[in-house]
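Student: Here are the chains, one letter per residue:
2 protein chains.
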Amino acid sequence: MPSLPQLTHGSFVPLYRQIQQRLLDQIRSGALKPGEPIPSAQEIAATLGVSQMTVRQAIKSLCELGVVYSRQGKGTFVSGIKLEKDFRQVLSFSEDMKARGSMPRSKVLSFEIRHPSAEVIEALRLRAGENIIHLQRIRQANSVPMGIETSSLPLRACPDLLDKFDPRQSLYETLSERYGINMFVADEVAEAGLADGEVARLLRIAEGSPVFFFTRISYLQDGQPIEHVQSTYRGDRYKIVNRLTRRNHG
Amino acid sequence: MPSLPQLTHGSFVPLYRQIQQRLLDQIRSGALKPGEPIPSAQEIAATLGVSQMTVRQAIKSLCELGVVYSRQGKGTFVSGIKLEKDFRQVLSFSEDMKARGSMPRSKVLSFEIRHPSAEVIEALRLRAGENIIHLQRIRQANSVPMGIETSSLPLRACPDLLDKFDPRQSLYETLSERYGINMFVADEVAEAGLADGEVARLLRIAEGSPVFFFTRISYLQDGQPIEHVQSTYRGDRYKIVNRLTRRNHG
DNA sequence: AAGTGGTCTAGACCACTCG
DNA sequence: GAGTGGTCTAGACCACTTG
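Chains A and B are the protein sequences, given in the same order.
For the first sequence, the working numbering begins at 48 and goes up steadily by one.
For the second sequence, the working numbering begins at 48 and goes up steadily by one.
These are computed hints drawn from the structure, not numbers from a lab.
Don't take each hint at face value.
The list treats identical chains as one, so a pair stands whether inside a single copy or across any two.
Said to hold, decoys possible - List of simulated lysine to any residue pairs, SDA-like, C-alpha gap at most 25 Å:
# : residue 1 : residue 2
1 : LYS107    : PHE231
2 : LYS80     : GLY270
3 : LYS80     : ASN229
4 : LYS80     : ALA204
5 : LYS129    : GLY227
6 : LYS211    : GLY227
Let the sequences and hints guide you as you build the complete structure.
Tutor: See below:
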């Protein structure tokens with residue numbers, strides 16, 4: 048039995064996170080296999096010299112990840128469900144493409160301050176007269192055009208974005224680093240349609256080819272809408288991959 | 048101030064669930080508004096005569112729902128993010144349609160025991176020679192054909208389904224009630240395409256109309272694959288609505 | 001300094017499963 | 001009856017925010 052690293056009390060990483068990580072490592076390494084029980088909370092607590100509550104906190108978070116599941120009176124078992132690595136979490140094209148193993152790049156069609164459309168005003172809950180940052184890009188993976196994305200952001204949220212953002216970089220990274228803006232959730236609607244002449248030309252596909260139309264609104268943790276995106280992606284090279292989960296609460 | 052119901056110690060509903068429900072009710076009723084802080088854990092604990100840990104457990108579960116968010120040193124605030132009512136959780140056509148306010152119905156094209164295809168064998172991890180239940184249905188909403196669904200389930204998981212299942216009912220309900228089979232997660236791939244002659248005829252749309260192709264594999268909590276579904280939905284009447292969330296762990 | 005959330009402890013009792 | 005997970009307590013200390 049290989050000796051595992053000791054827990055570090057008083058570290059910046061809380062004990063339950065360390066325990067969670069230990070268990071995760073043991074599962075990923077195959078030391079704990081799908082279907083097998085993990086040690087009981089009592090046992091882990093005794094071994095590591097921590098309270099049972101702390102261990103339970105770690106196990107609970109693993110349950111929420113879906114990598115283990117608990118059965119009262121029986122134990123906690125390793126699930127065979129794969130980790131959601133390549134599943135969509137949120138929405139950055141750059142991250143998405145990297146996760147799929149492609150090289151993301153963008154070609155900027157437009158990047159300027161604009162008056163918002165009625166749809167964007169409603170989506171971003173803009174006040175009268177408020178302007179937006181308008182950013183339209185062709186998204187490429189390995190130099191192949193994948194889709195056209197039109198983003199709108201409230202100007203007030205990132206007033207000097209025009210100066211500070213290099214549109215070839217990741218918009219989300221810039222927003223996070225420069226403004227502390229982090230997307231928390233996004234609601235997205237996907238529709239199936241056909242490419243018209245303009246879209247076909249930009250994406251270099253035949254007119255009438257199948258495409259996805261996306262409409263997405265992203266929100267901060269406090270519920271404030273921060274981004275409205277309308278995009279069109281090629282149906283022949285783009286797939287939507289989703290993990291759907293049963294919710295319990297409510 | 049309207050007096051809220053007292054907590055019930057020793058009930059079948061744990062205290063933290065009762066507290067969670069109380070807070071949820073206050074938020075839904077508007078007594079606690081988006082952006083406002085909820086009472087501190089200390090205060091709630093004192094008011095209700097429970098331990099702070101118990102209150103924190105309730106608040107944490109509300110954070111996971113996304114209805115509140117906590118800021119260390121500041122407090123816990125009501126989020127303006129809408130509850131995921133009409134967002135896809137899992138996957139039952141019946142539930143989905145009801146949630147969208149439509150009347151679901153199905154027309155059975157085929158319901159029988161079959162030899163699995165290579166794709167299904169791999170998806171369901173079938174042993175050599177194992178058979179499947181094959182169920183093909185046209186899905187209708189308010190009598191309009193929406194899509195064609197082909198489901199495959201391991202025969203071993205539901206050996207007498209052919210006798211026990213009325214194909215006009217909800218498959219998922221039957222599986223849950225008769226076999227204790229409950230879907231936990233599903234991985235789904237959606238593609239955009241065009242209707243061929245056969246699909247067009249069944250869905251009563253023009254050939255070449257835009258459609259969604261779905262491939263879905265559903266899993267039990269232990270990771271065992273339990274259902275493989277391939278389906279084609281009309282692009283003109285069906286939309287994919289998703290809520291994407293940022294994950295933190297891992 | 002006071003108030004907040006975040007973590008942790010060392011117990012306790014319960015409900016459940018299994019031999 | 002022994003072992004498990006699920007809940008709960010009454011404290012404690014820390015990090016952080018605000019006045």
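Student: Give the relationship of LYS80 and ASN229 under a CA distance limit of 25 Å: within one copy only, between copies only, both, or neither.
Tutor: between (36 Å within a copy, 22 Å between copies)
Student: With identical chains treated as interchangeable, where does the CA-CA distance between LYS211 and GLY227 reach 25 Å or less: within a copy, between copies, both, or neither?
Tutor: Answer is within; shortest intra-copy Cα gap is 14 Å, inter-copy 56 Å.
Student: From the Cα coordinates, with 25 Å as the cut-off, is the pair LYS80 and ALA204 best called within, between, both, or neither?
Tutor: between (47 Å within a copy, 23 Å between copies)
Student: Should LYS80 paired with GLY270 be assigned to within, between, both, or neither, using CA atoms and 25 Å as the limit?
Tutor: between (40 Å within a copy, 12 Å between copies)
Student: At 25 Å max between alpha carbons, let me know whether LYS129 reaches GLY227 within a copy, between copies, both or neither.
Tutor: between (32 Å within a copy, 22 Å between copies)
Student: Are the CA atoms of LYS107 and PHE231 at most 25 Å apart within a copy, between copies, both, or neither?
Tutor: Answer is both; intra-copy 22 Å and inter-copy 16 Å each pass.
In this structure, every one of the numbered hints holds.
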